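From first to last, the protein sequence lines stand for chains U and Z.
Quick note on numbering: our numbering labels position 153 of the first sequence as 259, and the sequence is numbered without any gaps.
Quick note on numbering: our numbering labels position 268 of the second sequence as 374, and the sequence is numbered without any gaps.
No lab work stands behind these hints: they were computed from the structure.
Just to be clear, a hint being listed does not mean it is correct.
Each pair may be met inside one copy or between any two copies, as identical chains are not told apart.
Claimed, not checked - As a list, the in silico DSBU-like pairs of lysine-lysine whose alpha-carbon atoms are at most 35 angstroms apart:
id: 1; residue 1: Lys379; residue 2: Lys357
id: 2; residue 1: Lys347; residue 2: Lys172
id: 3; residue 1: Lys380; residue 2: Lys171
id: 4; residue 1: Lys109; residue 2: Lys196
Because the structure is a prediction, the values reported are computed rather than measured.
There are 2 protein chains.
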Amino acid sequence: MMKKYFITGFSGFVSRHFIDYLDKNEIEAAILGADITRPEFQFENYKSVKCSYREMNLLNQDDIKKILQQFQPDYIIHLASYSSVAYSWKQPIVSFRNNTNIFLNLLETVHDLGLSCRILSIGSSEEYGNVTAENLPLKEDHPLNPVSPYAVARVAQELLSRIYSNGYHLDIVMTRSFNHIGPYQKNTFAVPAFANQLLEVKKRGLNQGDVVAGNVDIIRDYVDVRDVVAAYYALLESGLKGEVYNICSGKGISLKTVIEIMGSMLNIKVNIKKEPSLIRPNDNQIIIGSNQKIATQLGWKPRLSLEQSLVDILGK
Amino acid sequence: MMKKYFITGFSGFVSRHFIDYLDKNEIEAAILGADITRPEFQFENYKSVKCSYREMNLLNQDDIKKILQQFQPDYIIHLASYSSVAYSWKQPIVSFRNNTNIFLNLLETVHDLGLSCRILSIGSSEEYGNVTAENLPLKEDHPLNPVSPYAVARVAQELLSRIYSNGYHLDIVMTRSFNHIGPYQKNTFAVPAFANQLLEVKKRGLNQGDVVAGNVDIIRDYVDVRDVVAAYYALLESGLKGEVYNICSGKGISLKTVIEIMGSMLNIKVNIKKEPSLIRPNDNQIIIGSNQKIATQLGWKPRLSLEQSLVDILGK
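Using the sequences provided together with the hints, build the complete structure.
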């Protein structure tokens, strides 16, 4: 039977890839997308997916209530987020409100209306915070030790999910999604920002150039957004209620190496210029996850290599 | 030298006892109190303490900024809170906003203004959540596992304190304060609510009566508010920056026993009537803390016995 999806953060790149995933796999779906700004992508011409869009502020609980009551979703995917760690240091209040408070509005509305839909609560690898090498790769039972305002907001969101799952028996599945990369990601994020700088160098016909960056020694676990949305679909269909799942590649790579790989793909000799204003007050040096839980339970595995992701980012 | 204290939640009973503590100990202090409602107690006639009051909503960041810039406090004691677990289940959004968001406003304002004041961040034993008997009494390094919306808000507050302490080097000392009891506490809390019901029975000249209650088997660690404020003063003066301290008696007692002790103090035979609507969706069965850390570091110990607290509550 055709399922109804309510997607917050509809205009973002994860939402776009999620819809693509459904359509490419010929999964029939009715999607109601909510966001504060209209998507830049076309959402009217999918084959198996019917999308409609509603401009709204998720801080407005009355609006959420009206929409959910009317739409009666089977699934809610909460993608709306100010997911930049750097931004959260600059605007911690706005970041917190637009992560934790809007999520709580959503949960409370679902509870209040007595909806029985499944909710996918998207969390972040940033929740783990500073970890020591012997704890890598991180499993889901590793203690959370957030070191940025963004990470605290995500931990609070996960804790609220547990409260509503255990206290009110809402059907919630949680993720800790590691660093997404892939086509259409905004330049406010590190990898597309660097890709953009390198493409500018290329456009000017040069074979060497500067990349302005903060701390490029940090090691992260990058996972292609197209693999991420496949995991989200699997979790909506078969994830265990009240459980949290890492979504990651299981491999760590430094930001420096990512920049160098992109440079070599474009035949550009890269000179990394350190910009102190881009260095965060506090940062986790290394984050690598274990995807054993989701792999074992649901058979999900990342399919796209880092190189493939970077080729697609540079070629888009 | 006389210190300046900015106290949020000025109209509450903890604030009142804190001012009493300073004044009784002849500690010279200038206090600026902020709250959304005017205190019911007289605050103009202390000897060594000069108080002024400002009616304000701590969700309004502009107001906070103006006031802190003008007052330039040495200490901020953040007592403003919707500290009822029961209320947080009924109004999770309001509870969260009035706990976590106002605290973040305060931190961000202190950071933004570059103030070097010490901030006392009041947390709660509720942050520990469900624990097993072998982990009692709870030490500060025990993992946090909140089981109510209120507790999540308190954990988020503590995590934000750590972010601002580690990332921005703000001078923050944190507490996990266990169940306060004592004179002037509002009847929305369990112990004064039961005291009130028993005093009503007494007033009608009866020697037995009903007490309407939720789950009275839960075991809590009660600490007199007058001991709590002594701990707060000690932490402001000598607590270690960035550290968290339990404030507790170290002893556990069931709510049922508390009711029975009060009944026997009033010579009333108590019949506890269970009211299902007062039972929370999820509750921690037992919470007992260790006060070893604050005792060892600062020499603080609770001085008032539970019986003394209950006598004073009934006699006020």
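Outcome of the hint check:
1. Lys379 to Lys357: Within one copy only: 26 angstroms inside a chain, 58 angstroms across chains, cut-off 35 angstroms.
2. Lys347 to Lys172: Within one copy only: 26 angstroms inside a chain, 47 angstroms across chains, cut-off 35 angstroms.
3. Lys380 to Lys171: between (47 angstroms within a copy, 34 angstroms between copies)
4. Lys109 to Lys196: between (39 angstroms within a copy, 31 angstroms between copies)
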